[in-house]
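Going by the numbering used here, the letters in the sequence shown line up with residues 531 to 703, in that order.
Among the hints, erroneous ones may be present.
[Unchecked claim] Distance windows between CB atoms, simulated: (1) ARG560 <-> PRO584: 20 to 28 Å; (2) ASP631 <-> GLY686: 36 to 44 Å; (3) HIS540 <-> THR667: 43 to 51 Å; (4) GLY594 <-> GLU692: 14 to 22 Å; (5) GLU633 <-> ALA660: 18 to 26 Å.
[As the list claims (entries may be wrong)] Taking lysine-lysine pairs in the BS3-like style, the calculated list, with each CA pair at most 27 Å apart, reads: (6) LYS655 <-> LYS625; (7) LYS555 <-> LYS625; (8) LYS590 <-> LYS677; (9) LYS625 <-> LYS535; (10) LYS555 <-> LYS590; (11) LYS585 <-> LYS535; (12) LYS535 <-> LYS590; (13) LYS555 <-> LYS599; (14) LYS625 <-> LYS590; (15) LYS535 <-> LYS555; (16) LYS655 <-> LYS677.
Derived by calculation from the structure, the hints in this document are not laboratory data.
Every residue gets a Cβ at the ideal spot worked out from N, C-alpha and C, and that includes glycine.
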Amino acid sequence: MEDLKWYVVHTYSGYENTVAASIEKAVENRGMHELIQEVSIPMETVTEITDNGPKTVERKVFPGYVLVKMVLTDDTWHLVRNIRGATGFVGSGNKAIPLSDAEIAALGVEKHEVIVNYQVGDSVKITDGALESFIGTVEEIDMDESKVRVVVSMFGRETPVELELDQVEVIEN
531 MEDLKWYVVH
541 TYSGYENTVA
551 ASIEKAVENR
561 GMHELIQEVS
571 IPMETVTEIT
581 DNGPKTVERK
591 VFPGYVLVKM
601 VLTDDTWHLV
611 RNIRGATGFV
621 GSGNKAIPLS
631 DAEIAALGVE
641 KHEVIVNYQV
651 GDSVKITDGA
661 LESFIGTVEE
671 IDMDESKVRV
681 VVSMFGRETP
691 VELELDQVEV
701 IEN
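The task is simple: from the sequences and hints, build the whole structure.
Structure follows, in structure tokens:
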């Protein structure tokens with residue numbers, strides 16, 4: 531569906547999980563899966579140093595907010611707006627404003643999986659960016675960060691360059 535967009539719902543502090551669960555339950559009860567497809571609370575894993583040493587915990591990236599992927603209609607607006615603990619949409623006045631593609635990418639809400647058909651040691655061609663059409667050798671692949679380090683020969687020097695995984699392609703021999 532083209533009109534599906536991510537919207538930010540403001541909640542009372544500490545109510546994020548309750549609001550998310552209530553939205554999902556309301557969608558289930560009313561059969562509105564086509565209109566409200568996903569509810570997300572962005573989390574990050576953080577290592578806290580305590581008296582007992584380091585401890586890994588999950589923490590909300592944006593306390594007080596829940597992200598909802600939905601088609602904005604009067605019905606969906608009212609459904610979300612009337613959830614206990616939700617105070618409204620982020621936007622201007624009563625108008626909910628969706629997140630841009632760049633904001634969604636920055637939040638890491640939607641993962642775009644890149645299939646990598648090269649490995650360390652392969653010769654690759656850079657397909658995008660300032661070094662487009664340069665040839666280099668893959669030195670390191672970091673799937674978690676979606677980065678690849680390629681060593682290119684520039685001005686007679688070996689120079690490591692960090693690129694996105696989809697900015698290079700393997701050279702077929």
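We went through each hint and held it up to the structure:
no., hint, in the structure
1, ARG560 <-> PRO584: 20 to 28 Å, "45 Å, violated"
2, ASP631 <-> GLY686: 36 to 44 Å, "40 Å, holds"
3, HIS540 <-> THR667: 43 to 51 Å, "49 Å, holds"
4, GLY594 <-> GLU692: 14 to 22 Å, "34 Å, violated"
5, GLU633 <-> ALA660: 18 to 26 Å, "25 Å, holds"
6, LYS655 <-> LYS625, "46 Å, violated"
7, LYS555 <-> LYS625, "24 Å, holds"
8, LYS590 <-> LYS677, "25 Å, holds"
9, LYS625 <-> LYS535, "14 Å, holds"
10, LYS555 <-> LYS590, "21 Å, holds"
11, LYS585 <-> LYS535, "36 Å, violated"
12, LYS535 <-> LYS590, "21 Å, holds"
13, LYS555 <-> LYS599, "15 Å, holds"
14, LYS625 <-> LYS590, "25 Å, holds"
15, LYS535 <-> LYS555, "20 Å, holds"
16, LYS655 <-> LYS677, "15 Å, holds"
In this structure, the earlier hints numbered 1, 4, 6 and 11 are contradicted, and the remaining ones agree with it.
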